[in-house]
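Listed below, chain by chain, are the residues.
2 protein chains.
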Amino acid sequence: MGSAMAVACARAGAERTEGPWFTVIGIDLPNAQGRLRIDALNRGEFPFASTDTTLIAETSAAVQTGNLTATDDSSVLSQADVVVVDVPLDIDFTATTPALVLQPFERAIHTIGEHAKPGALVIIETTVPPGTCEHIVKPILKEWATKRDCSSFLLAHSYERVMPGEHYLESITAFWRAYSGADDHAADACESFLNKVIDTERFPLKRLSSPTASETAKVLENAYRAANIAFINEWGQFAEKANVDLYEVIDAIRVRPTHNNIRQPGFGVGGYCLTKDPEFAAIAARDLLGIGPQPFPMSELAMKINREMPLHPLALLEKRFNSLRGARIALAGISYRQDVADTRYSPSQTFVEEAERKGAIVSCFDPLVAHWDEMNRAVGFDFAQCPDVDAVVFAVPHREFRLIDAATWLAGRTPVIVDGNDSLTNEQRALFQRAGCEVLSVGRGIDVERRPT
Amino acid sequence: MGSAMAVACARAGAERTEGPWFTVIGIDLPNAQGRLRIDALNRGEFPFASTDTTLIAETSAAVQTGNLTATDDSSVLSQADVVVVDVPLDIDFTATTPALVLQPFERAIHTIGEHAKPGALVIIETTVPPGTCEHIVKPILKEWATKRDCSSFLLAHSYERVMPGEHYLESITAFWRAYSGADDHAADACESFLNKVIDTERFPLKRLSSPTASETAKVLENAYRAANIAFINEWGQFAEKANVDLYEVIDAIRVRPTHNNIRQPGFGVGGYCLTKDPEFAAIAARDLLGIGPQPFPMSELAMKINREMPLHPLALLEKRFNSLRGARIALAGISYRQDVADTRYSPSQTFVEEAERKGAIVSCFDPLVAHWDEMNRAVGFDFAQCPDVDAVVFAVPHREFRLIDAATWLAGRTPVIVDGNDSLTNEQRALFQRAGCEVLSVGRGIDVERRPT
Numbered sequence: 001m002g003s004a005m006a007v008a009c010a011r012a013g014a015e016r017t018e019g020p021w022f023t024v025i026g027i028d029l030p031n032a033q034g035r036l037r038i039d040a041l042n043r044g045e046f047p048f049a050s051t052d053t054t055l056i057a058e059t060s061a062a063v064q065t066g067n068l069t070a071t072d073d074s075s076v077l078s079q080a081d082v083v084v085v086d087v088p089l090d091i092d093f094t095a096t097t098p099a100l101v102l103q104p105f106e107r108a109i110h111t112i113g114e115h116a117k118p119g120a121l122v123i124i125e126t127t128v129p130p131g132t133c134e135h136i137v138k139p140i141l142k143e144w145a146t147k148r149d150c151s152s153f154l155l156a157h158s159y160e161r162v163m164p165g166e167h168y169l170e171s172i173t174a175f176w177r178a179y180s181g182a183d184d185h186a187a188d189a190c191e192s193f194l195n196k197v198i199d200t201e202r203f204p205l206k207r208l209s210s211p212t213a214s215e216t217a218k219v220l221e222n223a224y225r226a227a228n229i230a231f232i233n234e235w236g237q238f239a240e241k242a243n244v245d246l247y248e249v250i251d252a253i254r255v256r257p258t259h260n261n262i263r264q265p266g267f268g269v270g271g272y273c274l275t276k277d278p279e280f281a282a283i284a285a286r287d288l289l290g291i292g293p294q295p296f297p298m299s300e301l302a303m304k305i306n307r308e309m310p311l312h313p314l315a316l317l318e319k320r321f322n323s324l325r326g327a328r329i330a331l332a333g334i335s336y337r338q339d340v341a342d343t344r345y346s347p348s349q350t351f352v353e354e355a356e357r358k359g360a361i362v363s364c365f366d367p368l369v370a371h372w373d374e375m376n377r378a379v380g381f382d383f384a385q386c387p388d389v390d391a392v393v394f395a396v397p398h399r400e401f402r403l404i405d406a407a408t409w410l411a412g413r414t415p416v417i418v419d420g421n422d423s424l425t426n427e428q429r430a431l432f433q434r435a436g437c438e439v440l441s442v443g444r445g446i447d448v449e450r451r452p453t
Numbered sequence: 001m002g003s004a005m006a007v008a009c010a011r012a013g014a015e016r017t018e019g020p021w022f023t024v025i026g027i028d029l030p031n032a033q034g035r036l037r038i039d040a041l042n043r044g045e046f047p048f049a050s051t052d053t054t055l056i057a058e059t060s061a062a063v064q065t066g067n068l069t070a071t072d073d074s075s076v077l078s079q080a081d082v083v084v085v086d087v088p089l090d091i092d093f094t095a096t097t098p099a100l101v102l103q104p105f106e107r108a109i110h111t112i113g114e115h116a117k118p119g120a121l122v123i124i125e126t127t128v129p130p131g132t133c134e135h136i137v138k139p140i141l142k143e144w145a146t147k148r149d150c151s152s153f154l155l156a157h158s159y160e161r162v163m164p165g166e167h168y169l170e171s172i173t174a175f176w177r178a179y180s181g182a183d184d185h186a187a188d189a190c191e192s193f194l195n196k197v198i199d200t201e202r203f204p205l206k207r208l209s210s211p212t213a214s215e216t217a218k219v220l221e222n223a224y225r226a227a228n229i230a231f232i233n234e235w236g237q238f239a240e241k242a243n244v245d246l247y248e249v250i251d252a253i254r255v256r257p258t259h260n261n262i263r264q265p266g267f268g269v270g271g272y273c274l275t276k277d278p279e280f281a282a283i284a285a286r287d288l289l290g291i292g293p294q295p296f297p298m299s300e301l302a303m304k305i306n307r308e309m310p311l312h313p314l315a316l317l318e319k320r321f322n323s324l325r326g327a328r329i330a331l332a333g334i335s336y337r338q339d340v341a342d343t344r345y346s347p348s349q350t351f352v353e354e355a356e357r358k359g360a361i362v363s364c365f366d367p368l369v370a371h372w373d374e375m376n377r378a379v380g381f382d383f384a385q386c387p388d389v390d391a392v393v394f395a396v397p398h399r400e401f402r403l404i405d406a407a408t409w410l411a412g413r414t415p416v417i418v419d420g421n422d423s424l425t426n427e428q429r430a431l432f433q434r435a436g437c438e439v440l441s442v443g444r445g446i447d448v449e450r451r452p453t
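So the sequences go chain by chain: V and H. FYI, the numbering for the first sequence is 1 to 453, going by the numbering used here. FYI, the numbering for the second sequence is 1 to 453, going by the numbering used here.
These are computed hints drawn from the structure, not numbers from a lab. Incorrect hints may appear among the rest.
Stated by the list, open to error - Cβ pair distances, simulated, as ranges: (1) ARG254(V) <-> ASP90(H): 22 to 32 angstroms; (2) THR258(V) <-> ASN195(H): 16 to 26 angstroms; (3) PRO297(V) <-> VAL76(H): 48 to 58 angstroms; (4) GLU106(H) <-> GLU438(V): 34 to 44 angstroms; (5) ARG402(V) <-> ASN195(H): 26 to 36 angstroms; (6) HIS167(V) <-> GLY119(H): 46 to 56 angstroms; (7) ARG402(V) <-> GLY119(H): 42 to 52 angstroms; (8) LYS319(V) <-> PHE93(H): 27 to 37 angstroms.
The structure displayed is predicted, hence computed values, not measured ones. All residues carry an ideal CB built from backbone N, CA and C; glycine is no exception.
The task is simple: from the sequences and hints, build the whole structure.
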């Protein structure tokens, strides 16, 4: 997110005769990974895998224009009028009760307090627990202003609503933003900054009353999404047994404006955001806001359901094979989302771990990923022909999978096909069946094609 | 619903030179209530309280034109080419496990099978558990066709998506419809009928593969709504303690197309549909479809949360007064929804029952209801001045409440004011505070107006 935001800021106003509004310096950590990203950016390359060709071109343009560079030297903070903070703030889910991993974030705020120009605008863009600006960032910045005996910093909060994929950069610059300031002066300064970076004529800004309000807005947005994904899961499983195609049903429901956000059954929830953000408010209540434990029954249940979702397609296979011991499974798709290469907290990981624990032999394929860092294993990319397996599980609706021509691809093999995430078209599933494969679908009854007689 | 649908059908095609498409006979039960409704309709009056002036005028027009009458004589079924079924199918929540109350519905289907014209189109419009057409209606109709040795009936399912209130009739004729047939012939006949009654040019029909699919669609729509109401409840309670105005936050979130269905905190869920429909699929799995118990964790939790929601504003008062014993509470709004008079399963009922159980003395006011049938008590309608009470709880955002001028209305009294359902404007709440009242809000921190310093 930090890299993409840096590019967005560096290209803001590039069409003006006076040139871009800002000179942007990206700061990363002085370690091996940080160094790789810094060097990539300074060569004019976007430092992460991306399918967004605009983002890639604009990165190169900004570096060439000379108003985008990267460094691990925090002292450059002293030159900045605006500091945008995209430092991760994680949750440790391995702890007995989920706990905030605050240190890296707090260290970054200390670094800003130590080096930033007196009176600089500090915008927190990281998704944080509600109360973070008020109870963590503000005291640290105040402490440094006192220590340095300088004018205090302007503290604002404005969260991103990016969508990774082909329109990543545009999802920053051409989308609605909410923001807030610790005081009116900071809110005004943040508004003025966002007006330069974002197309606020088409996407008007929304000012909220306090940083705690806009921090809440961000985690609520992701909790809403997570809850709706979890909600539809039980209806997908019902549809499988009731011999209904829930995707067809959902198409009929989504025409209603009050119901157009309804989600569809899938393989599970992954990525960096939906897997943790819904937890932030509960943790904030306990650890940050001093209001004591707050119950979040729907949000908590949703996270649990979402985590366990990939076990359902596995259960379909286990039921089919009686036992998974020795079953050879090809898993098609390991990223957490279609058409992106991001494998962080992917539901495919849950699937593979549980399948292997039950004795299955799993091979993985993904057109966008060559190495699965989190699982430390190579990912097959030659998926041109069906591998010699007992089952093929499609976990992600990558574009490439919808191009598979069943008969050619199978070449006579007849593995069980699991469409785990609406990854195949109706026609593909029918062709797989015609070629002799048994087809199981998440969210669809086995013979929904057949009209009840 | 049956009465409104009868008017919609009777007025379909009224603008044609040939006149309306259909002659409509409404059939009700031969009991006292049914008789009252039948007589009202035959006088040209819509037989329920309604704020829809169009519906009232069109009822009168249809009766005058002579193509809408009502009767309790089921033998008129023999004249009908199309039978639309709007007979209630309820759930008995007082049973150990929620159980279907099938008898009245089954009796109606038997009556249709006994009397209807051979080959007539029977459209089930009642919200029913998935599988009802397939496993209940179809066998009964088949049984009668065999018994009568006549050609079989055409069975279709098409559910309503009406919205009670000022545009009730329009919500039938100018809105999207999904439908299905037990076979293609029935589906075709249903499509042709709906094309006459509904503006399908603007709101195209959506045919689903089976009655079980469209039955599922209907209950899923209401379960989705119920789940989203339950979801936001916990965030409203968090906001109250975190000193955030969740309504402000939600305004900022709803601009996102993927999040525009997000709900806002409120007083609870009532009415005939959202309180029971989410339960239908679980019951159907167990009792109708033969697929065994199916878990619906999110939907079940949502119903539980929604039922208990009115206890939260009561808890706010209990905390404020330490005890509710002897506390005099005026409850403003007893219908289940703003600007309607329908009190069925109203959350206000839950509030009153629990408040009185805890020793409070509750007086009720509603601009649209004079007598609360379910609670068998008179409802005050003189709400022109604040009654002499310790607290006034606004439970419904009726239009009339937003016209209250705080200082005049209070006339020097200073009860605690609870805005339980975003019933008051920001200005009203501020004026109540200025007049000396303590104001508590569901979904808002106590001093959200004050910016943190």
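- Go through the numbered hints given earlier and state which of them the structure violates, listing their numbers in rising order. none
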